[in-house]
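**Q** Residue-level listing of the chains:
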Amino acid sequence: MANVSIIPSGDFKTSYAADTTIFPTKTSRNFAILGVVLLLACPAFLDRYWLSLLIQIGYLGIAALGLNILVGFTGQISIGHSAFFGFGAFASAWLNNSLGVPVALAIPLAGVVTTGVGLIFGVPAARLKGLYLAIATLAAQYILQDFFGRADWFTGGSAGTIAEPLTIFGFAFDTDERYFYVVLVAMVVMYILGTNLMRTRDGRALVAVRDHYLSAEIMGINLTKYRTMSFGISAFYAGIGGALYAHYLQFVSVENFTILFSIQFLGMIIIGGLGSIMGTLMGTAFMVLLPEVMQAATKLVSGTAVDTALNLRENIAFLREMSIGLVIILFLVFEPDGLAHRWKQIKAYWKLYPFSH
Amino acid sequence: MTLLFQLLVNGLIVGALYGVVAMSFVLIYKASRIVNFAQGEFLLIGAWTCWWLLTSWQLPFWIGFPITLVFMLAFGVILQVVVLRPMIGEPIISVIMVTIGLSIVFQAAMKWMFGVFAKPFPQIFAHATMNVFGLQVQTVYVVSLAISLLIMAGFGWFFKYSRLGLAMRATAFDQQVAQSLGISVRQMFAMSWAISAMVSAVAGVTVGVVNGVSSALSFFGIKVFPAVILGGLDSVIGAVVGGLIVGVLENVAHYLDSQWLNWGNMYEIAPFYVLIAILMIKPYGLFGTKDIERV
Numbered sequence: 001m002a003n004v005s006i007i008p009s010g011d012f013k014t015s016y017a018a019d020t021t022i023f024p025t026k027t028s029r030n031f032a033i034l035g036v037v038l039l040l041a042c043p044a045f046l047d048r049y050w051l052s053l054l055i056q057i058g059y060l061g062i063a064a065l066g067l068n069i070l071v072g073f074t075g076q077i078s079i080g081h082s083a084f085f086g087f088g089a090f091a092s093a094w095l096n097n098s099l100g101v102p103v104a105l106a107i108p109l110a111g112v113v114t115t116g117v118g119l120i121f122g123v124p125a126a127r128l129k130g131l132y133l134a135i136a137t138l139a140a141q142y143i144l145q146d147f148f149g150r151a152d153w154f155t156g157g158s159a160g161t162i163a164e165p166l167t168i169f170g171f172a173f174d175t176d177e178r179y180f181y182v183v184l185v186a187m188v189v190m191y192i193l194g195t196n197l198m199r200t201r202d203g204r205a206l207v208a209v210r211d212h213y214l215s216a217e218i219m220g221i222n223l224t225k226y227r228t229m230s231f232g233i234s235a236f237y238a239g240i241g242g243a244l245y246a247h248y249l250q251f252v253s254v255e256n257f258t259i260l261f262s263i264q265f266l267g268m269i270i271i272g273g274l275g276s277i278m279g280t281l282m283g284t285a286f287m288v289l290l291p292e293v294m295q296a297a298t299k300l301v302s303g304t305a306v307d308t309a310l311n312l313r314e315n316i317a318f319l320r321e322m323s324i325g326l327v328i329i330l331f332l333v334f335e336p337d338g339l340a341h342r343w344k345q346i347k348a349y350w351k352l353y354p355f356s357h
Numbered sequence: 001m002t003l004l005f006q007l008l009v010n011g012l013i014v015g016a017l018y019g020v021v022a023m024s025f026v027l028i029y030k031a032s033r034i035v036n037f038a039q040g041e042f043l044l045i046g047a048w049t050c051w052w053l054l055t056s057w058q059l060p061f062w063i064g065f066p067i068t069l070v071f072m073l074a075f076g077v078i079l080q081v082v083v084l085r086p087m088i089g090e091p092i093i094s095v096i097m098v099t100i101g102l103s104i105v106f107q108a109a110m111k112w113m114f115g116v117f118a119k120p121f122p123q124i125f126a127h128a129t130m131n132v133f134g135l136q137v138q139t140v141y142v143v144s145l146a147i148s149l150l151i152m153a154g155f156g157w158f159f160k161y162s163r164l165g166l167a168m169r170a171t172a173f174d175q176q177v178a179q180s181l182g183i184s185v186r187q188m189f190a191m192s193w194a195i196s197a198m199v200s201a202v203a204g205v206t207v208g209v210v211n212g213v214s215s216a217l218s219f220f221g222i223k224v225f226p227a228v229i230l231g232g233l234d235s236v237i238g239a240v241v242g243g244l245i246v247g248v249l250e251n252v253a254h255y256l257d258s259q260w261l262n263w264g265n266m267y268e269i270a271p272f273y274v275l276i277a278i279l280m281i282k283p284y285g286l287f288g289t290k291d292i293e294r295v
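Residue numbers (this note's numbering), protein chains in the order written: chain A, 1 to 357; chain B, 1 to 295.
Don't read these hints as lab results, they were simulated from the structure.
There's no promise every hint is true.
Unchecked claim - Computed cross-link-like contacts, EDC-like style, restricted to lysine to aspartate or glutamate with a CA-CA straight-line distance of at most 20 Å:
| # | chain 1 | residue 1 | chain 2 | residue 2 |
| --- | --- | --- | --- | --- |
| 1 | B | 111 | A | 314 |
| 2 | A | 225 | A | 211 |
| 3 | B | 160 | B | 174 |
| 4 | A | 129 | A | 211 |
| 5 | A | 129 | B | 293 |
| 6 | B | 282 | B | 293 |
| 7 | A | 129 | B | 291 |
| 8 | B | 290 | B | 174 |
| 9 | A | 351 | A | 47 |
| 10 | A | 26 | A | 11 |
| 11 | A | 344 | A | 146 |
| 12 | A | 129 | A | 217 |
| 13 | A | 129 | B | 234 |
| 14 | A | 26 | A | 47 |
| 15 | A | 129 | B | 257 |
Please build the complete structure, drawing on both the sequences and the hints.
**A** This is the structure:
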């Protein structure tokens, strides 16, 4: 594996603060700011369809970051993330509909409530690891899914529940153009929070738990505390993402939060790169755009022999499902470090060009 | 009371099938330390293959079924060699995700090829039901119970007396020592997948004959988790016992639910509550090896 973090010679870090900055160089910071500015301008020239995709990337990216903190940074496996995502969606809608909490407050509150649920599941999870944890979270997924179907007061049962659009001072964010900014702001805030978390003492403790939990414990890191905490954080992100999803679609249905959705979340972070914050975003974008690419590909071959042989138009749903599984397998076999790693290598290649060897 | 008794019998029959699937799951775990989330899809693929041979090719059952088994044997080997072998030595999360990915791919592929609706098997037995101790039981159920017991006995013989079975046990016990004694660990891995796929296919065909073949079959692969956790992840006997307990438990939960609680859906969900409870109290299950860590 090529050395991926390439720093110009003579660039010595003299303090921990300098070593743990978010942006290692000025250029990288400027590019990040430029990216956000470009995104701000998006609603002006992108059509509805692309905006809706970007919004999807936004809220799913937030939830996926939570999962990456749990799986990629703390090394705890969770196959029940979509249940927390769904819980956040229902919690926000319920807080608004039943308790009259304004939506702008209900979204963060939903995050807090979901954190509570995450902690409840995190307490048993803190005692388990590896396979056992994966199986326990699988059970949690089914139990929560069952709860959604059962709790009519909370989720509206099989009929689903309606979520009011977000309104701030009488200004309703009810179109894609407007809601885009809400998601963008939330995403930037959550990603900065996530990045900063990883620079703190707690964040380093999480990484230590992942790398070698016995050594971490010997160094005085409270394993139970950090494992539970990581579940809580992950649930918080999932809750916020879910709440944003609820008020974007303005309708939440019980059937959406299946195991397949959970696996999609896992796929996002694996494709993006476990333990990489920007990778999470890349992976989410990949996962959201994948069905679109499949759609375009089927359109391309429509009418040809392949199309008639496989009956693509009717089976597009299965094709999508298959593609999710396939990309996960292919990435794990051929690019286990994800897109973030590939991106770093591309950057390194251009930095060293033409002397890359 | 008759209802409860009937449910208990049903539970034992279904539980025996769970036991069989759990056993094949444990087989893979013991040999290669891989938790196979695609176990349910083995049932699915086996059942669909057999169904396809029996309906499209109009083969009689006694020809179609062995062909299915041979196919599953080859399928298991190919799967292990192509997909799972590169994953040796990768972290747990990657291995788990690969099997999850496989399960998605197979499930979607099966839906694509055979549709989403349950399709019945052609009639195999002349008499649909038979009388056992005054209870009307479907013949296929009795036969499925017999098949399950047969497989279990077969497993017992295989691991106790056959050369291959002993080699597999040695591999599971210590790979390096096994290798030094001339056992090909790679072959053992492939064999464990092949046998597991084959045995699962038998279970899949059995369930398919009873309920018709549909993607619901793959839920067996999920139901296997409560069973193996209860019995202990690396214990074949535990898998059988766990399977039986889960099968009975489901039906008892269903009975309690329909009689008094009226919560609904307990049949599906009760094993998962039990699963969490066991993980809390006794994570290594009834017969599993306790994993003691010393620093």
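**Q** Compare the structure with each hint and give your call.
**A** Going through the hints against the structure:
1. B:111 / A:314: 12 Å, holds
2. A:225 / A:211: Distance of about 16 Å is within 20 Å: holds.
3. B:160 / B:174: 17 Å, holds
4. A:129 / A:211: 13 Å, holds
5. A:129 / B:293: 13 Å, holds
6. B:282 / B:293: Distance of about 16 Å is within 20 Å: holds.
7. A:129 / B:291: 12 Å, holds
8. B:290 / B:174: 16 Å, holds
9. A:351 / A:47: 35 Å, violated
10. A:26 / A:11: Answer holds: residue 26 (chain A) to residue 11 (chain A) is near 13 Å, not above 20 Å.
11. A:344 / A:146: 42 Å, violated
12. A:129 / A:217: 14 Å, holds
13. A:129 / B:234: 16 Å, holds
14. A:26 / A:47: 33 Å, violated
15. A:129 / B:257: 33 Å, violated
In this structure, the hints that do not hold are numbers 9, 11, 14, 15, in rising order.
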